[in-house]
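Here the protein sequences come in this chain order: A, B and C. All letters in the first sequence, in the order written, are residues 1 to 439 by the working numbering. All letters in the second sequence, in the order written, are residues 1001 to 1299 by the working numbering. All letters in the third sequence, in the order written, are residues 2001 to 2319 by the working numbering.
Any given hint could be a false lead.
[Stated by the list, open to error] Incomplete in silico selection of chain B near chain A, CB under 8 Å:
1) P1056
2) R1059
3) P1069
4) G1072
5) L1074
6) F1142
7) Y1146
8) A1150
9) L1155
10) T1157
11) E1190
12) L1234
13) I1235
14) P1238
15) S1251
16) S1254
[Stated by the list, open to error] Computed footprint of chain B on chain C, listed as stretches where at least three residues anywhere in the stretch have a Cβ under 8 Å from a Cβ of chain B:
17) 2036 to 2044
18) 2066 to 2079
19) 2136 to 2146
20) 2175 to 2188
[Said to hold, decoys possible] Label-pair ranges, simulated between beta-carbon atoms:
21) E351(A) with L1087(B): 55 to 61 Å
22) P1069(B) with T170(A): 55 to 61 Å
23) L1087(B) with A2171(C): 44 to 50 Å
In case anyone wonders, no lab produced these hints; they're calculated from the structure. Ideal placement from N, C-alpha and C gives every residue a C-beta, glycine not left out.
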Amino acid sequence: MNKNRLVGVGVASTITLALALSACSGDTPEATDDGSPEGAEITLWLAGGDTPDELREYLKTTFEAENPGSTLTIEQQEWGDLVTSLTTALPDAENTPDVVEVGNTQSPTFTTVGAFLDISDMYDELGGDKLLPSFVEVGAAEGKNYALPYYFGSRYMFYRADLWSAAGLTVPTTLAEFGDSVAKLKTDTQSGLAMGGQDWRNGISWVFANGGELAVEDGGEWTSTLSDPKTIAGLEQWQAVYQNASNVPSTERDVAYWDFLNDGTDATPPAAATIMAPGWARWSIGDLVTNDEGEEVRDGMVDATKFDIFALPGVDGGVAPVFAGGSNIAISAQSQQPELAKNLLRIIFSEEYQTMLGENGLGPANSDYTSALGDDKFAQTMIETAQASKLTPAAPGWAALEGQFVYEELFQKIADGGDVAALAAEYDEKITPILNTGS
Amino acid sequence: MTATVAPAGPSAWPTAVGQRRRKVPLGRWSLALVAVAAAAVWAFPVYWMVTSSLLPNARLRAGTPTFFPVNGTLLNYERVVAGSSFLSALRMSLAITLLTVLLVLIFAFLAALAISRFRFRGRKAFVVAILFIQMLPAEGLFIAQYKLLAGMSLLNTVVGPTIIYTACVVPFTIWMLRGFVAGVPAELEEAAMVDGLSRSQAFWRITLPLLAPGLVASGVYAFLQAWNEFTVALIALPAESAKTLPLWLRSFLSASANQGVDWGQVMAASALIALPVIVFFLFVQNRMTGGLVSGAVKG
Amino acid sequence: MTRTETTGTRVPAPRPSSVATAPRRKTNPLPYFLILPSVVALLVALAYPVGWQVLTSMREYGLAQQFGQPATFVGLANYVEIFTSDDLWAVVARSVVFCLVNAIVTLVLGILLALLLKAVPTWARVVLQVALLLAWAMPLVAAVTVWKWMFDFRTGVVNWLLVRMGFEQFAGHGWLATPLSFFLVATIIIVWMSVPFVALSVYAALTQVSGDVLEAASLDGASRVQSFWLIVLPTIRPVVSVVFLLQIIWDLRVFAQIKLLQDSGAPVGETNLLGTFIYQLGVGSQDFGGAAAVSLFVLALTIVLTWPYVRNLLKEDEA
């Protein structure tokens, strides 16, 4: 008897599912019969510790209140291992997490292999045009939305105002002026701009600022466009900046540059006058103070005559497009509880949650709520640079390209003084096939 | 009978090696100095880990190395232990590791006896097979390992990783123990039997104690492998409640959109992971070098 | 030796009676029971993954296949592809050299330290032993991180000391920048990490050397050098052989240390060894078929490289 009942429920839910599909309108989640979602448990994978505990707690309680009888489990995965974990768990219907956070540049790879559920029908409901377009784009394939933006960050310049003004320099208004200024600030022991040669995520700002692209799509085929004159101009400008302003070895990348800006112990001068870093670097910069717990910490750039920020200027003034960090969120195609998973997305894209993201310094996906970031100069610069920001190409092979460290290699060779045009031609040939793998 | 074989005992030949090299006899004191210097080299990174774990991140990254943590603080330790995840990870790691060590020692000891004291059909194939198994790189196996464990419903269990660890460590341990079993002269057992001991008595009282250092060395090896293993644990234990200590350590290592890596915390977490291993070492160290060996020779 | 005459002449297990009744060529089941648990464990945990590996090496298997697309059988295409790429052979050459250097340095240092342990007074032995154990107990991530700090171009102790000693050119020197000095640093780290195991294992073997035999030998007029070559070395030889073989196997597929070092900035393409190469092909580029093919190739390569040595071991074993 028991077995028959199960079969019955199964048939019933198949029918409702079919109805829901044919109806093709994202109407109420109550459309599912009371059998399946009740008492169900869904899992959300968050990447790294970026989402604060307070927000996790909010998601859990809100979800459980809105979906009585169901529970939400939040599991934290680490950024360095995310691709491995997603690769093994997502295809496994029995163990897949229902909703996952994924790095913005990792999105195309998983989207194109069908790892995520098509949520085009929810796109407008979750924010539509208000959602950060570059992030929406990397989460879409063939006109359908699979992954939507979760939060963004952006990078700008942190500089030693005291050193800049001592050298008679002011905040630059064009990219060329910036290059000249940081070159003047370089000494044997101090970088004008501390930047490793392999740091292409910073370096591509110069490409974007000159109107260049890394790759373009035509009819589903991606082509690497390093040899485009604009791209070459950007790479050459970056090469000059690196060679004239940075003491950091050409093999370095993702160095903790914020340490360079602080005074050394015994008030020795800082290792750099300028760095490029994500907004949160602020909390690792400043004078040493003792906090309430008796621990020595950086004061977060209290002394504005000593530490300050500006957005990287564009070629003709304005703001240069920088690479935007951040992540997307998606539902696993294998999720056994897609309706509950969608309910969770509704909470994540709600005004309350988006505001909470902003209040915690994470750029909200929905542009209506960016004001929640605050109105100090840090928030202003973050919003300003984020609006001008760009993402890497949404090519299916992008993750493979990153996994092979191709751009690290290219930028290192450029930093070492290689001939940009020749290298661009060489790497175009190498990169184009990788971009199209998996499609 | 004076049992000079105890490690503490003055044994003849190593100084002879010194003499052979340089005509001047090297005193035991100068050798002791060499030993202390070597100890300093090997211990320095460990010291550096502990020092760093006592410093706040801001000080740690200041530029000039801090050799002595004068204004040290235990805050890093307090922070990493805060929350329940440390205890649950510790429990998980202990369960997996101890189970692995136990299984490995039993399985490997039996197999080592078989291959070093018996001739049987298939022996050579077995010996060669377990040697070659270790040569397969593990980096390409993770999808299959996941499918295996998921298929047996062993994800997020103690048993899942234990099975894989046991299989990965056993081949090595068999080879290792085989060397030790071969190192026990069969004549010793025979002599004991001439003295009136039964074969099994000879085994338990002569052979096994002589194998103790080998068992300890293999056990330590198995312990460390299981304790520090990471890749299999990552795919086999996706649930947060099932994470082991190396996975827990990973969570401090991930720099991301709104925070940098707090290296002081990483070092504190590392020191905490090393601590149980050190306790385990000290525990077996006693068994390893104490009376067992000399006792065996005294018979 | 007479051991080969019958099966199970020297039965150490507590069942002497069964042996007594089976003096002839009858198959003794005991050794099979003894290896059974290990065989079962290996079959359960490895049969499927290894089988999958072999199959996948002959399929087109990328992320799309992992997510449900049918994996097409491509025969040896994956192998052809890797063998015809220049990358692989450069990596192989690099790995073999790196492996031999590391295994030999580790073994020599390990044996010297083991002899030292045996020679020094108890207190010094305990100090060295504890230091080795501490180093051994240190989690890999922490160990590599600390070493990385020590070689950091800006804040590292190594550069700091060298500058103090008058080598000004090391101010801001990037140790990981060229492949050669990258591998020097990697060798230091790997040797540092592997030596405790070798030293303690060899030392454990040394404790098996019977003091009485040594004493008797010296009474018979053998010099200390003769004692070492004739008594000590033969006793520890099985352990040393195995330890060396294992070092070769491990150093050839070394992965985590290289990966962690590469992550902190290095010319990745020029510093890949077989382990990181497979990882990059698999996790990095999602070409699991290619990664499987390289894995099996590494297996074959290791067998070929160690074969003379293994054959020797087996021969010794037969004697």
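Tested hints:
1. A distance limit of 8 Å between C-beta atoms decides the matter here; for P1056(B) the minimum to chain A is near 5 Å, and the interface restraint holds.
2. The interface hint given for R1059(B) is met, as the beta carbon of that residue sits about 5 Å from the closest beta carbon of chain A, less than 8 Å.
3. Hint on P1069(B) is violated. Least Cβ distance to chain A is approximately 12 Å, over the 8 Å limit.
4. Given hint, G1072(B) at the interface with chain A, is violated; its Cβ is 11 Å from that chain's nearest Cβ, farther than 8 Å.
5. This hint is violated: L1074(B) has a C-beta 10 Å from the nearest C-beta of chain A, more than the 8 Å allowed.
6. For F1142(B), the suggested interface contact is upheld, since its CB lies about 7 Å from the closest CB of chain A, less than 8 Å.
7. With a least beta-carbon distance of about 4 Å to chain A, the hint placing Y1146(B) at the interface is held under the 8 Å criterion.
8. Given hint, A1150(B) at the interface with chain A, holds; its Cβ is 6 Å from that chain's nearest Cβ, closer than 8 Å.
9. About 6 Å separates the beta-carbon of L1155(B) from the nearest beta-carbon of chain A, less than 8 Å, and the hint is met.
10. Checking T1157(B) against chain A by beta carbon gives a least distance of about 12 Å; that is not within 8 Å, so the hint is violated.
11. Proximity of E1190(B) to chain A is violated relative to the hint, the smallest CB-CB distance being about 54 Å (cut-off 8 Å).
12. Annotation: L1234(B) was flagged as interfacial toward chain A, and the flag holds, the nearest CB pair being 5 Å apart, inside 8 Å.
13. The interface hint given for I1235(B) holds, since its Cβ lies 5 Å from the closest Cβ of chain A, which is under the 8 Å cut-off.
14. Given hint, P1238(B) at the interface with chain A, holds; its Cβ is 6 Å from that chain's nearest Cβ, closer than 8 Å.
15. Interface restraint check for S1251(B): the shortest CB-CB distance to chain A comes to about 6 Å, inside 8 Å, so the restraint holds.
16. Interface restraint check for S1254(B): the shortest CB-CB distance to chain A comes to about 4 Å, inside 8 Å, so the restraint holds.
17. Counting residues of the segment 2036 to 2044 of chain C whose C-beta sits closer than 8 Å to any C-beta of chain B gives 6, which meets the bar of three, so the coverage hint holds.
18. Remark: the segment 2066 to 2079 of chain C is not confirmed as covered by chain B, as 1 of its residues place a Cβ nearer than 8 Å to a Cβ of that chain, below the required three.
19. Here's how the segment 2136 to 2146 of chain C fares: 10 of its residues keep a CB closer than 8 Å to some CB of chain B, so the rule of at least three is met and the hint holds.
20. Coverage of a stretch by a chain is defined here by at least three residues with a beta carbon nearer than 8 Å to that chain's beta carbons; for the segment 2175 to 2188 of chain C and chain B the count is 0, and the condition is violated.
21. In this structure the hint that E351(A) and L1087(B) lie 55 to 61 Å apart at CB is violated, the actual value being about 38 Å.
22. In this structure, P1069(B) and T170(A) break the distance hint of 55 to 61 Å, their C-beta atoms being roughly 42 Å apart.
23. The given range of 44 to 50 Å is respected by L1087(B) and A2171(C), whose C-beta atoms sit roughly 46 Å from each other.
Violated hints for the displayed structure, listed by number in ascending order: 3, 4, 5, 10, 11, 18, 20, 21 and 22.
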